[in-house]
Structure formats: structure tokens, C-alpha cells
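> Residues per chain are reported as follows:
Number of protein chains: 2
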Amino acid sequence: MSAAALDALRALLGPRGVLTEPDEMASYETGARYDRGRALAVLRPADTAQVSGAVAICVRHGLHLIAQSGNTGLVAGSTPDDSGTQVVLSLDRVTGVFSADIDNRSLTVGAGHRLSEVNRRLAADGLFFPIDLGADPGIGGMIATNTGGARFLRYGDVRANVLGLTVVLADGAGTVLDLGGPLYKNNTGVDWKQLFIGTCGAFGIVTKAVLKLHRLPRDQAAAILVPASGEAVLSLLRAMEERLGPELSAFEGMSGNAIRAALDHVPSLGNPFGGAVPDYAILAEISRARPARGDEANAEDLLQEVLADIMETEPDLLADARFGALERTWSLRHALSEGVKNAGRLIAFDLAFRRGDIMRFCDRMKAEMPARFPGVTICDFGHIGDGGVHFNLVVAPDNALATDPARECALRDWVFDVTVREFGGSFSAEHGIGRKNQRWYDLYTPDTQRRLATALHRATASAPHLPPRLGAVSFE
Amino acid sequence: MSAAALDALRALLGPRGVLTEPDEMASYETGARYDRGRALAVLRPADTAQVSGAVAICVRHGLHLIAQSGNTGLVAGSTPDDSGTQVVLSLDRVTGVFSADIDNRSLTVGAGHRLSEVNRRLAADGLFFPIDLGADPGIGGMIATNTGGARFLRYGDVRANVLGLTVVLADGAGTVLDLGGPLYKNNTGVDWKQLFIGTCGAFGIVTKAVLKLHRLPRDQAAAILVPASGEAVLSLLRAMEERLGPELSAFEGMSGNAIRAALDHVPSLGNPFGGAVPDYAILAEISRARPARGDEANAEDLLQEVLADIMETEPDLLADARFGALERTWSLRHALSEGVKNAGRLIAFDLAFRRGDIMRFCDRMKAEMPARFPGVTICDFGHIGDGGVHFNLVVAPDNALATDPARECALRDWVFDVTVREFGGSFSAEHGIGRKNQRWYDLYTPDTQRRLATALHRATASAPHLPPRLGAVSFE
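Read top to bottom, the protein sequences are chains A and B. Position 381 of the first sequence, counted from 1, bears residue number 1250 in my numbering, the numbering being contiguous throughout. Position 182 of the second sequence, counted from 1, bears residue number 1051 in my numbering, the numbering being contiguous throughout.
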């Protein structure tokens, strides 16, 4: 970096705000999965004004910026590449704003706050931001990724729960846009905040958000269900939705292989099935607004009763149901990621389908995988309620898929092709687009959409002689 | 229109597809409120391919197109101006596609279907599209307007319930974009469908949509509540949300003036208060997934119990509660529009605020209106649960506000200014932008957003020598 750029950034951000020593930068250069890059520098502005100033300086000096908040993403969208020329702009100090509006059920919050902290601070008011993930992302990164999670069925994704955004554009002025605000209804033109949700910082950097909050449920229960067959899974979901409506807050699928990986590699975990693990299981959860009073049925009574009713009226759906304390029941679901990570070399996919296609896709893969790619154990799990599938594959460390990147790429090409071209599914359900899936963005995105992205990219940069250099991804 | 254009359109759309006679065009030229224009012709393509072909012909001949589906909008967004040079492209024949995916809880549907028909056909499967409005819009227009309605609190707006869109761009090729599809989770770049939701056809014409469906509730109850004071309204909402969570499906506010207008002008309506109408009342509704079984509490029991609990624990909130059959209870709320329309000359606003600001805004207006604009009766009603206010004003036919457009414009300028600049509210909560509020779009939209809209407009048109001429509104 030129001395002029460095001096300008140091003058703006102070000594804590500009890191250039390798040991200081290491944690910002390393992602949660796959990615390890090298940064030219790490900038740590403390508020929107500093982000704006820092972006303007970088644009003027032709520096390529990668925005990063919690750095928990899984597609290399928030880390620099290995060129050593990209500057990481971390939002971890943008935490000054935290203002809950209880009447409005909304929170105005700086992009650097972690999800866990947001929910810890809201709990006293009985409110929460309902995106439920394994990771603990920063708010800015959650928005840039449009995360989904395990309670999408009830609450939707981040997009459905963002009312307003403050965004800094990568133009020579570091233009600040206030988009939306704390309004639930606002139809006054293009809803520009949508451009910055799920696009991994390619069009601008989110520095502040107004989030829609929900009331914390005060009575919950969960059970592990064993469907009678793969075909029964969707009928079981329908039967539960019919009886529970919005009180059904999760319907998560877990393959036997994923469960076995968790039981083998997460020592604290108990086996809820006693003995043999079934081919497939479902975690179903009920969430109710208030505790039962007097002799009212509580959430667990209701779940038991609904399942008994289903067993009586549609006896071919459910083979078994295991009740347990809420946290213990979820502990199995939450251990799946760690389990498959430790079972061998992990090749992970984040796919989405029409809900009715999930089991059909998995059956297709089970049938064709052995011949095409021997030695693969399919450890899928995910979100039957919203069609998302963490299609995770485990191979031995000496399998060609683990040792030969071209072989892994061939596998990915095949899985994505079946997903997108045959099933009309998505090659990135909730992880967004980063360097790790740019190849498939390029492959599957029609020219017209890429042309629109180029036009917007140019317009948000607004300095035609300075090409926009923002984000890990090119949408053009 | 040139003979060449007319010939090309007739060859493409057939004799039923091109209307040029004044009596045939009249209903397409006249909007639901305010607007009466003159069309050069009315085109009635029957499917996406015909829309594409018709758009391409019109673009090549430099014709300005106004897309129209149900033509129930309230801001002159779907009717031609009075120049006689604009061509209406009606979607009323684009009804060929109607395909429900029960497992996925989604519906793929042509833009010309009416909301009422969609819900009539889905009822047998226990599903519905949950946007609840006074009007019966076409699906294309609902999407282009992003309508909200009375159950937003529970289900959100149209945007929250659209999975995918098929759109025709106004370029020389009439390019067809398939955006989204039947997936709940799909984070693969810019979510382009958002550009066409709520923008009244200015960037492209929606011809088909994939809608997210919900299960029809099977147990509902409603009551009319009289809050103890204006300040109690939000506390009452909070108290009900705490106890009911997602089962609270409506919380609609009605001013005494609006109620009196309905009672005076809708003869079929009974007075639920027996005698004197209160200053303010609320319609609260509970919706539950399934009917009560055995000695379980049903929705009405639950509503009674929740209100009794609130009266006991927070005695200052609720002055009275009137229970009645569901339809009869809603009939008052649904009669408000007709009531105020018949009470004099109506000057209607569709505003939104943070929920806690609604009553403060109305108080401010009540205090200042008499001195600024004498003779105005404020008949507000709307959606406390989502901050939307139908701020409807009634004046006598001989009031200057009714006879002098400049005076009406001054009133609008003042109301919008207090809404937007002082309260940070929205000048169009759910009616979108049409010719009738272009003035305030121009006034309140920052230059950067207008510049982005221009860039997108140019990019969607893709024929730089042919400026895009689509929609009743300019977002530039």
C-alpha cells in the first residue's frame, strides 16, 4: 500500500484502526472453512462515518476492499484471496449503536454486534432476532449472507426480518445510504435495501440495520421422530403443519449417517434411539407464546397429542417418536456439523429444493454416487420445512476426492448440475456467494442478470474511471 | 398508432387481443379512485410469450406501455394518463397457468388471476394466499404494488410471500426473465425479483408468479376492543402479542369518526356498541391452525381468557370488549372505506409509522388541522399491528379543499411533510407509487437512489437508442 494511503487511513482511523502486522492480521485472513488468504492491511473503523471515510480513501487509491463482520461464513466471502493485495475492512468495532424500540418490536444495531449478544441483550424484554444458526455471526455478515437457519419455517430468513439498512457505497465519496428505517410498511419506490441483502458486500457495506424482532416463545417442546419411510417425510410435515400452523417452529431432517457421525465423534452426546440408529430422523419443535395455565395442555402435551392423532389417522407415517428435554433433543441436531467434520475429509454442499424433491434428490444421489465417486459417505441433514439440505459428503483422507482438487471439482460439478438443471434447485441455499462458489455463479447465472449486476455495480460506484473493487465476488 | 404497429400487434394477439374502440377501452382507462385517462389502445395478450412479443413491438414503435391487471389500485399506477398516447397492456387474459404444489405449499399462477379466485381454488386443499384486502386485485398488480392489508401482522406483505417471478423486460426483444422459482431458500446473487415487487411495472411486467401459501386457519375469533385511552393502544397490542404470539392475526384500529361514517352510510351495518361510539376501537383477531377438541379451549375461549387476564393484570388498558360472530365483527372494519367515501369528499392518505408513533401522529393532526385546514373530519383507521394508517379526511363538497386542487395539494404537502420529515414515516405504506403520488416520490427520494433507478431502467431496457417507456411512474 502506498505511504499516502496508509497515512490517510491512519489519520482517519487511529492506531487501533489499521493493522498491518502479520500476527495482528492472521485471524482476519482466515475463514471458518476452506479459506486462508493474505491481506494487505486490515481496517477497523468504529462507526458509519469512519467506514465511509475509509472506503473513500481506498477507492481513491485503487484498493480492493473485502468487508468482514463475524467472519463465520462458509464460502470465502469475507476473507482476502492469497494475492496479498486486498484490504479487509472489518466491522468488529462498529458496535456503538444498540437501540431497541419495544413498541415497534425493532432494534437499530451496528453491523459489528454478534447475534448472540443481540439476543442476550434483548432477552430481558422478552424479544429476540429469530435466526437460529450453528455459528455466531456478526449482524452485518448475516445480512450480507441472508442466512436462513433451523427456524426458517416459522420466522423466515434474514431478508424477511430486516426493516432498514445503512449502507456505504464504494464510490469516491463513500456515500452513505439510509434505506428503509423502522417501518413495516413502506412502498415508495425500489426497495434498495434488497440489493445489499445476500450479496456479500459486493454493492456496498452494511454498517447498521433495523431488525424486526419477535417475542421469545415461553413454552417449547421437541421430539425426534422416525418416519416410516422416506416417502412419509413430506406427509408427516403436512400433517404437522395442518395441526400446528405457526406453532410448528422446526422440522429438521437428519440422515442416519450424519447421526452416526455425531454419535461417533461428539463424546458428550447420548444416543436418543437407545440402540440402532434409523435411516432417517426428524427433529420437530413446537413453540408457543405463553406458558400453559392451570390444567391447559403445555407444548409437550400438545406435541404428544398431535403425534398420537397422526399415528391414529395416518398410521403409515410415523414409526417412532422420542421425547426429551428441549436442549438435549437439539443437542443431536447441533452436533451433526461437528460430527461430519470429524468423520473424515468433508465436502460440503448447501443446496435447496422444492420441499417435495429433497428425499428424491437424496435417493438419486445414493443410487448413483457409488459408481461415479466411490468411497463417499452421504451424511445429509437440513431443513425439510424450507427445502434446504446440507448435503455433506465424507471421504477418507486418501480418497482421490480429498487429494485431487480436480476430482473434487468434478464431483461438485455433477452434484450442482443435478441440483440446478434437473431438480431446479439452488446451489447456495443460505451460505451466499463467495470465492468458493463463484465458479457456479458464473455457470448458472443468465447473461441478462449479469448485465443488470454490472449496471448496478457501475452505478453504485459512480466514478467510472475507478472500477468498483468491493467484495470477494464478481457478480458481473 | 402507426398502421404498422397496429398490424403487428393484431397479427400477434388476434382480434380479441387489441382493443381500440372507446367503449371497449373505457373500463381499462378508468381506475378505482381518482383516475380517468385515455388510451391509444388496449392490448390483451394471453400468455408470457404474447406479452413478450407485444412489448417488443411497442418498444420498437416507441409506444409507452402501462401494465394493468385487476386495475384496483388507488394511486393511478395502472391507468393511462389523459394524453391518449399510452397503450394499456392488460394481463386479464394471462390466466392459463394455475399449478399448486401441495408438498411445497406453493402456487405457480398467471398474473391475470384474481386474488379471490386463487383463494377459492386453493380452499379445497386447506391453503390460501394470506393477503387480506378490501379490493380483489389481480396477482400481477398485487405484486407490482406489494400490497399489505389487514393480516400483515401475521403473514407479512406480498414481498414476504413471493418465491419467484416471471417478468418481461421492456427491451427490443421483450426479454423474459425467470427469477426465483419455487424455492424457499436461494442465495445465489442479487435477488432480482425484488426489483419488480412494489415498483408498479416501471422495470418490467410480471406475467407469472410462484406464491408461498399458508394453511387456512380452522378456528378463528375476533372482538372489538375499546382501549382505555390513546396511550393504552400500544400497551394493549404488546400485551396481546405477549400472550398470543403468531396466533394474533389482526390488530386493526378504527377511529370513532370512521366508525360513525360507516354506521351512517352502510345501512346493513349494526352498531356493535349499542349506543355511543367510542373515540377509538380495535378489531383483534385470533387464528388457530385446528379446531379445539374435546374440552380444549377454542379460539373464542382463548380470546376471552386473554382479555380477562389483561384486564386483571393491567387494568388501565381496556375499557370494553365486544364479542361477536367473526364475519359480523369484520363487517364493521370492512365497511369503513365505503362509509368514509360516502360521508363527503374524501381525501385519502396511505401512511406508515413506527407503531408507537401512530397515535401521536393522529393527535398532532387533530390538534393542528382545524386551524390550518378548517372543515376537515379526520376518519383514520388502519393497521396498528404494522404501523399502517389509512389517514382519511372527509370535507364538505363546498370546502375549498374539494373545489381547489391547489388547496388540496397544500394539505397533502403538509400531511406528508409531517409524516416523512418529522415522524420518519412513509407517504405510501401499501398503495405503491402511481401518477397520483409521483410528486412526493420526486420530493422525498434522495438523488443517489434516483440515479440507481436510472441505471437500472437503462439496463433493463437494453436498447440505449430507445428510452424505456414502461409504467405510469418515473423513478428517475
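None of these hints come from the bench; they were simulated from the model. Glycine included, C-beta positions come from ideal geometry on N, C-alpha and C. Errors might be hidden in some of the hints.
Okay, the calculated bits of chain B under chain A, using three or more residues with CB under 8 Å as the criterion [claimed, not checked]:
no. : segment
1   : 1259-1271
2   : 1320-1327
Pair ranges (Cβ atoms, derived) [to be verified]:
no. : chain 1 : residue 1 : chain 2 : residue 2 : range
3   : A       : 1182      : B       : 1236      : 40 to 48 Å
4   : A       : 1311      : B       : 876       : 54 to 62 Å
5   : B       : 899       : A       : 1163      : 52 to 60 Å
> Take the hints in turn and mark each one as holding or not.
Outcome of the hint check:
1. Beta-carbon proximity to chain A at under 8 Å applies to 0 residues in the segment 1259-1271 of chain B; the threshold of 3 is not reached and the given coverage is violated.
2. Counting residues of the segment 1320-1327 of chain B whose CB falls under 8 Å from any CB of chain A gives 7; the rule of at least 3 is met.
3. As the Cβ distance of residue 1182 of chain A to residue 1236 of chain B is approximately 59 Å, the hint placing it in 40 to 48 Å is violated.
4. For the hinted restraint 54 to 62 Å between residue 1311 of chain A and residue 876 of chain B, the CB-CB distance of approximately 43 Å leaves it violated.
5. A beta carbon spacing of about 58 Å between residue 899 of chain B and residue 1163 of chain A agrees with the range 52 to 60 Å that was offered as a hint.
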